[in-house]
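Protein chains: 2
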Amino acid sequence: MNPNTTWEIPARAKREGINSAIPSNWTIPNPASEQTDLTGDYIRSFLTDREIEVTETDAVGITEKTCSGEWTAVEVTGAFCKRAGIAHRLVNCLHEVFFDAAVEDARRLDAYFAQYGKPIGPLHGLPVSLKDQFHVKGVETTMGYVGWIGTFEGNPNDARRCVVESQLVRELRSLGAILYCKTSVPMTLMSGETANNIIGYVPNPKNTNLSAGGSSGGEAALIALRGSPCGFGTDIGGSIRSPAGWNGIFGLRPSAGRVSYQGAANSMDGQNTILSVVGPMATTARSLTLLFKGVLSQEPWLHDPLVVELPWRSDVESELQGMIERSRGGRSELAFGIMHHDGLVRPHPPADRAMRMVEQTLKRLGHKVIEWNPPSHRTAIDIAAETFSMDGGHDVRHQLGLSGEPPVPNILVKKGEQMTASEIAALNVKKREYQKQYMDYWNSTAASTGTGRPVDGVICPLGVQAATIPGKYNHVGYTTFLSALDYTGIAIPVTCADKRVDVPRVDMDFLNDADREIQSQYDAEAYDGGPVGVQLFGRRFQEEKMLMLAEYMSAEIEKDFKE
Amino acid sequence: MNPNTTWEIPARAKREGINSAIPSNWTIPNPASEQTDLTGDYIRSFLTDREIEVTETDAVGITEKTCSGEWTAVEVTGAFCKRAGIAHRLVNCLHEVFFDAAVEDARRLDAYFAQYGKPIGPLHGLPVSLKDQFHVKGVETTMGYVGWIGTFEGNPNDARRCVVESQLVRELRSLGAILYCKTSVPMTLMSGETANNIIGYVPNPKNTNLSAGGSSGGEAALIALRGSPCGFGTDIGGSIRSPAGWNGIFGLRPSAGRVSYQGAANSMDGQNTILSVVGPMATTARSLTLLFKGVLSQEPWLHDPLVVELPWRSDVESELQGMIERSRGGRSELAFGIMHHDGLVRPHPPADRAMRMVEQTLKRLGHKVIEWNPPSHRTAIDIAAETFSMDGGHDVRHQLGLSGEPPVPNILVKKGEQMTASEIAALNVKKREYQKQYMDYWNSTAASTGTGRPVDGVICPLGVQAATIPGKYNHVGYTTFLSALDYTGIAIPVTCADKRVDVPRVDMDFLNDADREIQSQYDAEAYDGGPVGVQLFGRRFQEEKMLMLAEYMSAEIEKDFKE
Numbered sequence: 001m002n003p004n005t006t007w008e009i010p011a012r013a014k015r016e017g018i019n020s021a022i023p024s025n026w027t028i029p030n031p032a033s034e035q036t037d038l039t040g041d042y043i044r045s046f047l048t049d050r051e052i053e054v055t056e057t058d059a060v061g062i063t064e065k066t067c068s069g070e071w072t073a074v075e076v077t078g079a080f081c082k083r084a085g086i087a088h089r090l091v092n093c094l095h096e097v098f099f100d101a102a103v104e105d106a107r108r109l110d111a112y113f114a115q116y117g118k119p120i121g122p123l124h125g126l127p128v129s130l131k132d133q134f135h136v137k138g139v140e141t142t143m144g145y146v147g148w149i150g151t152f153e154g155n156p157n158d159a160r161r162c163v164v165e166s167q168l169v170r171e172l173r174s175l176g177a178i179l180y181c182k183t184s185v186p187m188t189l190m191s192g193e194t195a196n197n198i199i200g201y202v203p204n205p206k207n208t209n210l211s212a213g214g215s216s217g218g219e220a221a222l223i224a225l226r227g228s229p230c231g232f233g234t235d236i237g238g239s240i241r242s243p244a245g246w247n248g249i250f251g252l253r254p255s256a257g258r259v260s261y262q263g264a265a266n267s268m269d270g271q272n273t274i275l276s277v278v279g280p281m282a283t284t285a286r287s288l289t290l291l292f293k294g295v296l297s298q299e300p301w302l303h304d305p306l307v308v309e310l311p312w313r314s315d316v317e318s319e320l321q322g323m324i325e326r327s328r329g330g331r332s333e334l335a336f337g338i339m340h341h342d343g344l345v346r347p348h349p350p351a352d353r354a355m356r357m358v359e360q361t362l363k364r365l366g367h368k369v370i371e372w373n374p375p376s377h378r379t380a381i382d383i384a385a386e387t388f389s390m391d392g393g394h395d396v397r398h399q400l401g402l403s404g405e406p407p408v409p410n411i412l413v414k415k416g417e418q419m420t421a422s423e424i425a426a427l428n429v430k431k432r433e434y435q436k437q438y439m440d441y442w443n444s445t446a447a448s449t450g451t452g453r454p455v456d457g458v459i460c461p462l463g464v465q466a467a468t469i470p471g472k473y474n475h476v477g478y479t480t481f482l483s484a485l486d487y488t489g490i491a492i493p494v495t496c497a498d499k500r501v502d503v504p505r506v507d508m509d510f511l512n513d514a515d516r517e518i519q520s521q522y523d524a525e526a527y528d529g530g531p532v533g534v535q536l537f538g539r540r541f542q543e544e545k546m547l548m549l550a551e552y553m554s555a556e557i558e559k560d561f562k563e
Numbered sequence: 001m002n003p004n005t006t007w008e009i010p011a012r013a014k015r016e017g018i019n020s021a022i023p024s025n026w027t028i029p030n031p032a033s034e035q036t037d038l039t040g041d042y043i044r045s046f047l048t049d050r051e052i053e054v055t056e057t058d059a060v061g062i063t064e065k066t067c068s069g070e071w072t073a074v075e076v077t078g079a080f081c082k083r084a085g086i087a088h089r090l091v092n093c094l095h096e097v098f099f100d101a102a103v104e105d106a107r108r109l110d111a112y113f114a115q116y117g118k119p120i121g122p123l124h125g126l127p128v129s130l131k132d133q134f135h136v137k138g139v140e141t142t143m144g145y146v147g148w149i150g151t152f153e154g155n156p157n158d159a160r161r162c163v164v165e166s167q168l169v170r171e172l173r174s175l176g177a178i179l180y181c182k183t184s185v186p187m188t189l190m191s192g193e194t195a196n197n198i199i200g201y202v203p204n205p206k207n208t209n210l211s212a213g214g215s216s217g218g219e220a221a222l223i224a225l226r227g228s229p230c231g232f233g234t235d236i237g238g239s240i241r242s243p244a245g246w247n248g249i250f251g252l253r254p255s256a257g258r259v260s261y262q263g264a265a266n267s268m269d270g271q272n273t274i275l276s277v278v279g280p281m282a283t284t285a286r287s288l289t290l291l292f293k294g295v296l297s298q299e300p301w302l303h304d305p306l307v308v309e310l311p312w313r314s315d316v317e318s319e320l321q322g323m324i325e326r327s328r329g330g331r332s333e334l335a336f337g338i339m340h341h342d343g344l345v346r347p348h349p350p351a352d353r354a355m356r357m358v359e360q361t362l363k364r365l366g367h368k369v370i371e372w373n374p375p376s377h378r379t380a381i382d383i384a385a386e387t388f389s390m391d392g393g394h395d396v397r398h399q400l401g402l403s404g405e406p407p408v409p410n411i412l413v414k415k416g417e418q419m420t421a422s423e424i425a426a427l428n429v430k431k432r433e434y435q436k437q438y439m440d441y442w443n444s445t446a447a448s449t450g451t452g453r454p455v456d457g458v459i460c461p462l463g464v465q466a467a468t469i470p471g472k473y474n475h476v477g478y479t480t481f482l483s484a485l486d487y488t489g490i491a492i493p494v495t496c497a498d499k500r501v502d503v504p505r506v507d508m509d510f511l512n513d514a515d516r517e518i519q520s521q522y523d524a525e526a527y528d529g530g531p532v533g534v535q536l537f538g539r540r541f542q543e544e545k546m547l548m549l550a551e552y553m554s555a556e557i558e559k560d561f562k563e
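Heads up: the sequence lines are chains V and U, in that order.
Sequential numbering from 1 applies to the first sequence in the numbering used here.
Sequential numbering from 1 applies to the second sequence in the numbering used here.
Excised from the complex, chain V in its bound form (with noise of 0.2 Å):
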């Protein structure tokens, strides 16, 4: 970056506020350029054994401490901050740092608990992080635009700036989480990778020469490395899902309308062609449901114009355990498609072996797999490209105008025309006829599950790659089709890149000429130790299921591949 440029002046000023607000104390060496995984030891061996075992504890069992009063919400808050200070170090995974107000907001939960004996709420002084697009009093949000800093969302006469709080973070605050960090993002939001003219690149924790993923690429990345037990992203066409595989991590997406955007900042806001998702992240399914569970007993349909009143379907969830549990009592009575590639672009092999690992799983299980042959994701994928290029890039062209600042390498900034009202009529036509078919193929499988049912969840690769080699992560249509469908899906993660069984596939038969080239990137000794989950789907609004499932997969899948 030139610092003569005037973009760039309050672009350090940010980093460095950024970077000042982490106690120098927690400095620490930057890693030898050999020391690729930051994760596991390497980050603890800055860390007191007490700061390990609290920041290596998922949110459930979190709160099951903070909940009870074995373990204070100070305690708690100050490892996360200390982890989360080291995190930002080493892959630039923060874009604002309020150490002190969650540690103040930390020790009025434990005087609560200590005057009623009891928590304020399911996430008493449970640390949540969360992407640099939601609101906090007395913070700012950039979203990874350099024009947005001082401002709000880019309006430098707004009152709104650093006082008003997003819905989402309203409910975490009365259900007693602790927010303390918020991450970063690729400017635009639309990319699989986490960049800005701010904070720089965002590597992957695992291997530093591969790409946390994005958009939310600061929130996973942070995850990874425990800098925080769970947060909440956002998903438009694999933002969460994407970046989750990629880190180890559990994401899920849900249907528009169950989590609340509202008072959120967002990219091409007023575009409903395809909703972009809030969603949480974590390093167990279970997290998730503790998460989801949580916010939806705030009724934000209440306060959220675009959220549907459903509550947390408790029926649902009893019905789905019930199975689960005869299930394991060895009488299968779920059944699950499968989709090894999508007929347009076939997993590396590392993506591949997931597949292959999760299939075995539900087999060894006795669940009935059936192979997906859905209507051609092309379509969805096509759909969703439009969706993202409707205004010919008018939103995104004029944030990054407002500084000066150019893209960063890899964002597209499109300079097409805008789509007219009849134009995006007939886009909304064609996407909900796709979705009728899709709708329709998912029914037509009741015939083959031998449940009566259709398939209770379809499983499928996140994306071709693991974690990518920055700059190849050219087909995103695996997480983009779900997002059209509007449907719900949840990153699993399974197992990470081993250059000693994923090697190269030879005489492959490609499916064509993007295939070829797609294949022809897998370098085995690059993507070496690059996490890779899959994505496992339901229809929409099918959040409860699918957490109950993911729970479900994740334990099993453990069992047979623990190493």
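Just so you know, the hints here were simulated from the structure itself, not pulled from any lab data.
Any given hint might turn out to be false.
Because identical chains share one entry, a pair is satisfied inside a single copy or across any pair of copies.
The list that follows gives simulated cross-link-like pairs (lysine-lysine, DSBU-like), each with its CA atoms no further than 35 Å apart [stated by the list, open to error]: (1) Lys415 - Lys363; (2) Lys293 - Lys65; (3) Lys414 - Lys436; (4) Lys472 - Lys430; (5) Lys436 - Lys137; (6) Lys415 - Lys436; (7) Lys562 - Lys118; (8) Lys293 - Lys559; (9) Lys137 - Lys368; (10) Lys414 - Lys430; (11) Lys137 - Lys430; (12) Lys499 - Lys65; (13) Lys368 - Lys545; (14) Lys472 - Lys118; (15) Lys118 - Lys436; (16) Lys559 - Lys436; (17) Lys559 - Lys545; (18) Lys137 - Lys499.
Given chain V's structure and the hints, the job is docking chain U onto it.
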């Protein structure tokens, strides 16, 4: 109409086809010009006592008889076909007549009952009429466009013509309903009156100098004449509620995403800022519940990607019933908002009187009634107006151009610019912000109801006029604001304009020039006899609650004011 123009040839043929599908032995003399009320004794004079008994039973009453075997489906169907045929001769309320198929279906239902001793479903043998947007096997859909005659939605080569059925139609058949006719609509659907170049103008059955309303005007007029016990219309800005009010019947505008629109024709399909919704219309409130609950039991969310998985919520029903029982016992637990006018245009004396009647009943019941002072409805009306002209008239011009037919009077065909993606996005944001303000206002009433909750429902006029003088329906705001909010609204019939009591007000404090102008159009003589209702509304997705309240309120209003 000039019979020499090309478009008039198919229009006339279609018109004659409709008329000739009605058995000629039901032909009736043209009413004398002074016979402006065609309901009640007038239409009864063409029917047998038994036919009158059957057709003046409401949908719930009918299904009680048909489901117990007391009445046969054939008899019920026959009676309604006859009365519908006569109704059409009187007010042009039908677009499609398929009585023979209906009787055939009724025979099958009777055979089923004879064989199994039970009904095929909860709507066994119930005739249900449909606005001419729904596709029924063997029957055309013209939606008021000459250019759609002989085509599928304007496409002459689409094999779906007369073959496919809309999802709603499949649901109704599965419930045991009898489909027998489709009802007239204004071309474009974007009109508060019902007229097109095929069947002409639909006058109001209670006063033929007035309008039946629109766009579900044929449906409302048919039900008002008891040619149908119940049916389904659609509503994007008042098209169910306004004609329901003007015809002394009930009509429900559910929130978008509850009743399936899948596979139905529409205007400006794909516009998704304010969605048109499907809802029931009927002679009693409990019949709305029967239909609404019935179609939900078919799990439309498994067949329509835009339907939300919200089954009928019996818990809400029971809770409300408990409150209503206790209220009837003298312990009111309910509170209502009341908005006598929207601050833009006051209702004419008949509509104003209807509001005061309802207020009197609510107060007699001991309910807290608070003045409703929401965020300006002007904003909502502007948002709706922008939305409805988003495509600059593109769709409507295309449909009219198929045949070259001219627009009928009072249909404004825009020749404007198309809105761009960015403009539409800004409009969507504006709408969401308005919805949020309204929601916050709603919540704020918890402080003044005395129940600890916000108001349970709000009452406001359905419009300025009792059923309007043709061409004078010039303030649609009373229904449109609710569409912009996507709230649940129900038209409840209250009374009829009465020249003896509804005298023009003197010394009026006009709100503005529009109000002055519209008030000056009130003519006690001309409006005499025109039905007038009120609108009960609740938040988004409050159909269960609003239906229960509508049943309760209408019964109590009847107690107070039954002549």
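Going down the list of hints, with the structure as the test:
| no. | hint | in the structure |
| --- | --- | --- |
| 1 | Lys415 - Lys363 | neither (49 Å within a copy, 61 Å between copies) |
| 2 | Lys293 - Lys65 | within (19 Å within a copy, 46 Å between copies) |
| 3 | Lys414 - Lys436 | both (30 Å within a copy, 32 Å between copies) |
| 4 | Lys472 - Lys430 | within (30 Å within a copy, 38 Å between copies) |
| 5 | Lys436 - Lys137 | between (42 Å within a copy, 20 Å between copies) |
| 6 | Lys415 - Lys436 | both (33 Å within a copy, 33 Å between copies) |
| 7 | Lys562 - Lys118 | neither (37 Å within a copy, 58 Å between copies) |
| 8 | Lys293 - Lys559 | within (26 Å within a copy, 46 Å between copies) |
| 9 | Lys137 - Lys368 | neither (50 Å within a copy, 38 Å between copies) |
| 10 | Lys414 - Lys430 | both (23 Å within a copy, 25 Å between copies) |
| 11 | Lys137 - Lys430 | between (41 Å within a copy, 24 Å between copies) |
| 12 | Lys499 - Lys65 | neither (40 Å within a copy, 74 Å between copies) |
| 13 | Lys368 - Lys545 | within (17 Å within a copy, 42 Å between copies) |
| 14 | Lys472 - Lys118 | neither (50 Å within a copy, 64 Å between copies) |
| 15 | Lys118 - Lys436 | between (48 Å within a copy, 34 Å between copies) |
| 16 | Lys559 - Lys436 | neither (38 Å within a copy, 47 Å between copies) |
| 17 | Lys559 - Lys545 | within (21 Å within a copy, 48 Å between copies) |
| 18 | Lys137 - Lys499 | neither (46 Å within a copy, 60 Å between copies) |
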